[in-house]
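*Asks:* Mapping the sequence shown onto the working numbering, position 281 (from 1) lands on 290, and the numbers just tick up by one.
None of these hints come from the bench; they were simulated from the model. For glycine and all other residues, C-beta sits at the position ideal for the given N, C-alpha and C. Hints may contain errors.
In silico PhoX-like pairs for lysine-lysine, Cα to Cα no more than 25 Å straight-line [unchecked claim]:
id	residue 1	residue 2
1	K196	K256
2	K156	K229
3	K136	K72
4	K72	K182
5	K309	K229
6	K31	K101
7	K115	K31
8	K309	K182
9	K182	K196
10	K11	K115
11	K320	K196
12	K90	K156
13	K68	K156
14	K115	K90
15	K11	K230
16	K68	K130
17	K90	K11
18	K229	K136
19	K101	K115
20	K50	K230
21	K11	K31
22	K309	K230
23	K156	K130
24	K31	K50
25	K11	K136
26	K42	K72
27	K156	K230
If you anchor each label on the Cβ, the simulated ranges turn out as follows [what the hints assert, rightly or not]:
id	residue 1	residue 2	range
28	K229	E332	19 to 25 Å
29	M10	E109	33 to 39 Å
30	N113	H32	28 to 34 Å
31	K130	I165	25 to 31 Å
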Amino acid sequence: MKALVTGASGFIGSHLVEHLSKHGYRVTCLLRKTSSLEYLKGIDTEIIRGDLNDIAFLKDAVKNKNYVFHLAAVIESSDPKLYHRTNILGTKLLALACRESSRNIKKFVFISSIAASGPSKKGILKKEEDECVPINEYGRSKLEAEKIVEEILDDIIPYVIIRPPNVYGPREKELLQAIKIIQRHIKPLLGNGDRQTSLIYVEDLVRAIRMAAENPSAVKKTYFITDGNTYSWRDITDQIIEELDIKGPFIQIPYPIMLLIGVISEMFSKLREKGPSITLERINNVRKNYYIYDPSRAFKELGFRPEIALKEGIRRVIKWHREYFGDS
(Lines of atoms letter the chains of each structure in order from A and count residues from 1; the text may use other names and numbers.)
(Lines give C-alpha, C1' and ligand atoms only; values in the text may rest on other atoms or scores of the structure.)
Protein backbone atom coordinates (compact mmCIF):
# COMPACT_ATOMS: atom_id res chain seq x y z
CA MET A 1 0.00 0.00 0.00
CA LYS A 2 1.22 3.50 -0.85
CA ALA A 3 0.43 6.30 1.59
CA LEU A 4 0.95 10.06 1.61
CA VAL A 5 1.30 11.70 5.03
CA THR A 6 1.16 15.48 5.39
CA GLY A 7 2.62 17.00 8.54
CA ALA A 8 4.88 13.96 8.72
CA SER A 9 7.71 15.65 10.62
CA GLY A 10 5.55 16.61 13.59
CA PHE A 11 4.82 14.81 16.83
CA ILE A 12 1.84 12.71 15.69
CA GLY A 13 2.89 12.64 12.04
CA SER A 14 6.30 11.14 12.69
CA HIS A 15 4.80 8.42 14.89
CA LEU A 16 2.21 7.66 12.19
CA VAL A 17 4.91 7.36 9.51
CA GLU A 18 6.87 4.98 11.73
CA HIS A 19 3.74 2.91 12.47
CA LEU A 20 2.62 2.68 8.84
CA SER A 21 6.11 1.71 7.70
CA LYS A 22 6.16 -1.14 10.23
CA HIS A 23 2.85 -2.37 8.82
CA GLY A 24 4.00 -2.63 5.23
CA TYR A 25 3.06 0.78 3.86
CA ARG A 26 5.33 2.61 1.44
CA VAL A 27 5.11 6.09 2.90
CA THR A 28 5.71 9.41 1.20
CA CYS A 29 6.14 12.31 3.61
CA LEU A 30 4.94 15.71 2.43
CA LEU A 31 6.92 18.38 4.27
CA ARG A 32 7.43 22.11 4.13
CA LYS A 33 10.81 23.23 2.83
CA THR A 34 11.83 24.26 6.35
CA SER A 35 10.63 21.11 8.18
CA SER A 36 13.18 19.12 10.16
CA LEU A 37 13.82 15.43 9.46
CA GLU A 38 14.92 14.82 13.07
CA TYR A 39 12.07 12.46 13.97
CA LEU A 40 12.09 10.64 10.62
CA LYS A 41 15.68 9.42 10.84
CA GLY A 42 16.04 5.69 10.29
CA ILE A 43 12.58 5.26 8.74
CA ASP A 44 12.44 3.96 5.18
CA THR A 45 10.35 6.67 3.56
CA GLU A 46 10.28 9.07 0.62
CA ILE A 47 10.51 12.79 1.37
CA ILE A 48 8.92 15.42 -0.84
CA ARG A 49 8.89 19.12 0.00
CA GLY A 50 6.33 21.64 -1.11
CA ASP A 51 3.41 23.86 -0.22
CA LEU A 52 -0.15 22.85 0.67
CA ASN A 53 -1.31 25.86 -1.32
CA ASP A 54 0.34 24.63 -4.53
CA ILE A 55 -2.37 22.62 -6.30
CA ALA A 56 -0.05 21.39 -9.06
CA PHE A 57 2.39 20.05 -6.47
CA LEU A 58 -0.44 18.37 -4.56
CA LYS A 59 -1.83 16.69 -7.66
CA ASP A 60 1.55 15.14 -8.30
CA ALA A 61 1.98 14.19 -4.62
CA VAL A 62 -1.28 12.20 -4.42
CA LYS A 63 -0.76 10.45 -7.75
CA ASN A 64 -0.81 6.62 -7.39
CA LYS A 65 -1.37 6.83 -3.62
CA ASN A 66 -3.81 4.41 -1.97
CA TYR A 67 -4.22 6.33 1.30
CA VAL A 68 -3.85 10.01 2.13
CA PHE A 69 -3.37 10.95 5.79
CA HIS A 70 -3.76 14.70 6.28
CA LEU A 71 -2.20 15.94 9.52
CA ALA A 72 -0.51 19.21 8.50
CA ALA A 73 -2.01 22.13 10.41
CA VAL A 74 -1.27 25.38 12.18
CA ILE A 75 -2.17 24.85 15.84
CA GLU A 76 -1.13 28.19 17.33
CA SER A 77 -0.16 31.39 15.60
CA SER A 78 -0.09 35.11 16.30
CA ASP A 79 -1.36 35.57 12.72
CA PRO A 80 -5.01 34.42 12.29
CA LYS A 81 -4.56 34.35 8.50
CA LEU A 82 -2.27 31.32 8.83
CA TYR A 83 -5.15 29.22 10.17
CA HIS A 84 -7.13 29.93 7.00
CA ARG A 85 -4.18 29.50 4.65
CA THR A 86 -3.06 26.13 6.03
CA ASN A 87 -5.96 24.53 7.86
CA ILE A 88 -8.79 25.58 5.55
CA LEU A 89 -7.35 26.42 2.12
CA GLY A 90 -4.61 23.78 2.34
CA THR A 91 -7.17 21.10 3.20
CA LYS A 92 -9.43 22.26 0.37
CA LEU A 93 -6.68 22.08 -2.24
CA LEU A 94 -5.49 18.67 -1.03
CA ALA A 95 -9.05 17.32 -1.18
CA LEU A 96 -9.47 18.72 -4.70
CA ALA A 97 -6.17 17.14 -5.76
CA CYS A 98 -7.35 13.80 -4.39
CA ARG A 99 -10.69 14.10 -6.16
CA GLU A 100 -8.90 14.44 -9.49
CA SER A 101 -6.83 11.32 -8.69
CA SER A 102 -9.67 9.33 -7.17
CA ARG A 103 -9.07 6.13 -9.13
CA ASN A 104 -6.34 4.81 -6.80
CA ILE A 105 -7.26 6.42 -3.48
CA LYS A 106 -8.99 4.02 -1.09
CA LYS A 107 -9.39 6.41 1.84
CA PHE A 108 -8.75 10.02 2.78
CA VAL A 109 -8.04 10.23 6.51
CA PHE A 110 -8.39 13.71 7.97
CA ILE A 111 -6.87 14.27 11.39
CA SER A 112 -8.99 16.97 12.96
CA SER A 113 -9.14 17.78 16.68
CA ILE A 114 -11.44 17.93 19.69
CA ALA A 115 -11.03 21.68 19.24
CA ALA A 116 -13.43 21.40 16.29
CA SER A 117 -16.07 20.04 18.65
CA GLY A 118 -15.34 22.41 21.51
CA PRO A 119 -15.38 21.84 25.27
CA SER A 120 -17.64 19.32 26.97
CA LYS A 121 -19.80 19.78 30.06
CA LYS A 122 -18.75 18.80 33.56
CA GLY A 123 -19.09 15.05 34.05
CA ILE A 124 -20.67 14.45 30.61
CA LEU A 125 -18.70 12.77 27.82
CA LYS A 126 -19.23 14.61 24.56
CA LYS A 127 -20.24 12.49 21.56
CA GLU A 128 -19.36 12.94 17.89
CA GLU A 129 -22.93 13.92 16.98
CA ASP A 130 -23.20 16.61 19.67
CA GLU A 131 -23.24 20.24 18.60
CA CYS A 132 -19.84 21.62 17.68
CA VAL A 133 -19.00 24.87 19.46
CA PRO A 134 -15.31 25.63 18.87
CA ILE A 135 -13.99 28.43 21.06
CA ASN A 136 -10.81 29.49 19.24
CA GLU A 137 -9.48 30.13 15.74
CA TYR A 138 -7.79 26.75 15.56
CA GLY A 139 -10.99 24.89 16.43
CA ARG A 140 -13.09 26.94 14.02
CA SER A 141 -10.60 26.34 11.21
CA LYS A 142 -10.56 22.57 11.85
CA LEU A 143 -14.36 22.41 11.87
CA GLU A 144 -14.48 24.32 8.60
CA ALA A 145 -11.87 21.93 7.16
CA GLU A 146 -14.02 18.95 8.19
CA LYS A 147 -16.95 20.43 6.26
CA ILE A 148 -14.73 20.99 3.23
CA VAL A 149 -13.58 17.36 3.24
CA GLU A 150 -17.19 16.20 3.44
CA GLU A 151 -18.34 18.48 0.61
CA ILE A 152 -15.49 17.84 -1.84
CA LEU A 153 -15.05 14.10 -1.35
CA ASP A 154 -18.69 13.09 -0.75
CA ASP A 155 -19.52 9.95 -2.80
CA ILE A 156 -16.24 10.27 -4.71
CA ILE A 157 -13.51 9.20 -2.28
CA PRO A 158 -14.17 7.38 1.01
CA TYR A 159 -13.10 9.59 3.90
CA VAL A 160 -12.95 9.38 7.68
CA ILE A 161 -12.39 12.11 10.26
CA ILE A 162 -10.39 11.55 13.45
CA ARG A 163 -10.66 13.91 16.42
CA PRO A 164 -7.85 13.23 18.90
CA PRO A 165 -7.97 14.74 22.41
CA ASN A 166 -4.81 15.78 24.24
CA VAL A 167 -2.15 13.46 22.83
CA TYR A 168 1.02 12.63 24.76
CA GLY A 169 4.11 10.55 24.18
CA PRO A 170 7.77 10.87 23.18
CA ARG A 171 8.51 14.01 21.10
CA GLU A 172 5.50 15.94 22.45
CA LYS A 173 6.61 19.35 23.71
CA GLU A 174 3.97 20.40 26.24
CA LEU A 175 4.33 17.39 28.52
CA LEU A 176 8.10 17.76 28.34
CA GLN A 177 7.72 21.36 29.50
CA ALA A 178 5.58 20.17 32.41
CA ILE A 179 8.21 17.58 33.33
CA LYS A 180 10.95 20.24 33.37
CA ILE A 181 8.82 22.53 35.54
CA ILE A 182 7.99 19.75 37.99
CA GLN A 183 11.68 18.83 38.23
CA ARG A 184 12.12 22.34 39.70
CA HIS A 185 9.54 21.50 42.39
CA ILE A 186 6.86 23.67 40.80
CA LYS A 187 3.33 22.37 40.25
CA PRO A 188 1.92 23.80 36.98
CA LEU A 189 -1.71 23.75 38.18
CA LEU A 190 -4.40 26.38 37.60
CA GLY A 191 -7.00 26.74 40.32
CA ASN A 192 -7.37 23.45 42.19
CA GLY A 193 -6.52 21.37 39.11
CA ASP A 194 -9.92 19.64 39.06
CA ARG A 195 -10.84 20.36 35.42
CA GLN A 196 -10.90 17.11 33.47
CA THR A 197 -9.57 16.07 30.09
CA SER A 198 -9.44 13.00 27.86
CA LEU A 199 -6.05 11.66 26.80
CA ILE A 200 -4.55 9.22 24.32
CA TYR A 201 -1.00 7.89 24.11
CA VAL A 202 0.44 8.61 20.67
CA GLU A 203 1.15 4.97 19.74
CA ASP A 204 -2.46 4.07 20.53
CA LEU A 205 -3.65 7.01 18.43
CA VAL A 206 -1.68 6.12 15.30
CA ARG A 207 -2.85 2.52 15.57
CA ALA A 208 -6.45 3.76 15.70
CA ILE A 209 -5.80 5.99 12.68
CA ARG A 210 -4.58 3.00 10.67
CA MET A 211 -7.56 0.92 11.81
CA ALA A 212 -9.94 3.66 10.63
CA ALA A 213 -8.15 3.84 7.29
CA GLU A 214 -8.30 0.10 6.70
CA ASN A 215 -11.86 -0.47 7.94
CA PRO A 216 -14.19 -0.49 4.90
CA SER A 217 -17.15 0.50 7.09
CA ALA A 218 -15.42 3.59 8.49
CA VAL A 219 -16.61 5.92 5.74
CA LYS A 220 -18.22 9.33 6.22
CA LYS A 221 -17.65 8.82 9.94
CA THR A 222 -16.10 10.94 12.68
CA TYR A 223 -14.35 9.33 15.65
CA PHE A 224 -13.14 10.56 19.02
CA ILE A 225 -10.05 8.50 19.88
CA THR A 226 -9.34 8.47 23.63
CA ASP A 227 -8.11 5.89 26.14
CA GLY A 228 -11.60 5.71 27.64
CA ASN A 229 -10.70 7.44 30.91
CA THR A 230 -10.91 11.02 32.12
CA TYR A 231 -8.19 12.75 34.11
CA SER A 232 -7.94 15.90 36.16
CA TRP A 233 -4.87 18.02 35.60
CA ARG A 234 -3.94 17.19 39.20
CA ASP A 235 -4.07 13.46 38.32
CA ILE A 236 -1.62 14.03 35.48
CA THR A 237 0.72 16.20 37.54
CA ASP A 238 0.73 13.74 40.45
CA GLN A 239 1.52 10.87 38.08
CA ILE A 240 4.52 12.76 36.68
CA ILE A 241 5.74 13.47 40.22
CA GLU A 242 5.41 9.79 41.13
CA GLU A 243 7.31 8.62 38.05
CA LEU A 244 10.06 11.20 38.59
CA ASP A 245 10.22 10.10 42.24
CA ILE A 246 10.45 13.69 43.42
CA LYS A 247 9.68 14.50 47.03
CA GLY A 248 8.00 17.75 48.12
CA PRO A 249 7.54 20.46 49.00
CA PHE A 250 6.21 21.94 45.75
CA ILE A 251 5.43 25.51 44.83
CA GLN A 252 2.12 26.09 43.04
CA ILE A 253 2.06 29.03 40.61
CA PRO A 254 -0.83 31.42 41.41
CA TYR A 255 -3.29 32.11 38.59
CA PRO A 256 -2.35 35.84 38.26
CA ILE A 257 1.31 34.87 37.82
CA MET A 258 0.35 32.39 35.10
CA LEU A 259 -1.58 35.16 33.33
CA LEU A 260 1.52 37.37 33.47
CA ILE A 261 3.62 34.54 32.03
CA GLY A 262 1.05 34.17 29.24
CA VAL A 263 1.24 37.89 28.40
CA ILE A 264 5.05 37.82 28.27
CA SER A 265 5.03 34.64 26.16
CA GLU A 266 2.66 36.22 23.64
CA MET A 267 4.77 39.40 23.46
CA PHE A 268 7.95 37.44 22.73
CA SER A 269 6.16 35.27 20.17
CA LYS A 270 5.25 38.35 18.14
CA LEU A 271 8.90 39.42 18.11
CA ARG A 272 9.99 35.93 17.01
CA GLU A 273 7.03 35.56 14.59
CA LYS A 274 6.29 32.15 16.07
CA GLY A 275 3.32 30.79 18.01
CA PRO A 276 3.67 31.30 21.79
CA SER A 277 4.34 28.23 23.94
CA ILE A 278 1.98 29.55 26.64
CA THR A 279 -1.04 31.70 25.79
CA LEU A 280 -3.70 33.50 27.80
CA GLU A 281 -6.30 31.53 25.88
CA ARG A 282 -4.73 28.19 26.80
CA ILE A 283 -4.37 29.18 30.46
CA ASN A 284 -8.04 30.14 30.68
CA ASN A 285 -9.18 27.05 28.78
CA VAL A 286 -7.38 24.72 31.18
CA ARG A 287 -8.68 26.62 34.21
CA LYS A 288 -12.31 26.93 33.13
CA ASN A 289 -13.23 24.17 30.68
CA TYR A 290 -13.73 20.42 30.55
CA TYR A 291 -12.49 18.36 27.59
CA ILE A 292 -13.89 14.84 28.00
CA TYR A 293 -15.09 12.78 25.03
CA ASP A 294 -16.83 9.47 24.38
CA PRO A 295 -14.71 6.94 22.42
CA SER A 296 -17.38 4.23 22.36
CA ARG A 297 -18.03 4.60 18.61
CA ALA A 298 -14.37 3.85 17.86
CA PHE A 299 -14.39 0.97 20.34
CA LYS A 300 -17.50 -0.55 18.75
CA GLU A 301 -17.02 0.16 15.04
CA LEU A 302 -13.22 -0.03 14.71
CA GLY A 303 -12.57 -2.59 17.42
CA PHE A 304 -10.03 -0.16 18.87
CA ARG A 305 -8.79 -0.71 22.41
CA PRO A 306 -6.07 1.43 24.02
CA GLU A 307 -3.02 -0.47 25.24
CA ILE A 308 -1.05 2.20 27.13
CA ALA A 309 -2.39 3.48 30.46
CA LEU A 310 -1.39 6.88 31.82
CA LYS A 311 1.17 5.51 34.29
CA GLU A 312 2.98 3.51 31.60
CA GLY A 313 2.68 6.32 29.07
CA ILE A 314 4.28 8.88 31.36
CA ARG A 315 6.98 6.38 32.31
CA ARG A 316 7.82 5.99 28.60
CA VAL A 317 7.86 9.75 28.04
CA ILE A 318 10.24 10.31 30.95
CA LYS A 319 12.48 7.46 29.76
CA TRP A 320 12.61 8.95 26.25
CA HIS A 321 13.25 12.43 27.66
CA ARG A 322 16.23 11.19 29.67
CA GLU A 323 17.69 9.22 26.77
CA TYR A 324 17.12 11.91 24.13
CA PHE A 325 18.26 14.91 26.17
CA GLY A 326 20.70 13.07 28.42
CA ASP A 327 18.92 14.23 31.57
CA SER A 328 19.30 12.36 34.83
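*Asks:* What hint numbers does the structure not satisfy?
*Replies:* 3, 4, 6, 8, 14, 16, 17, 20, 25, 28, 29, 30 and 31
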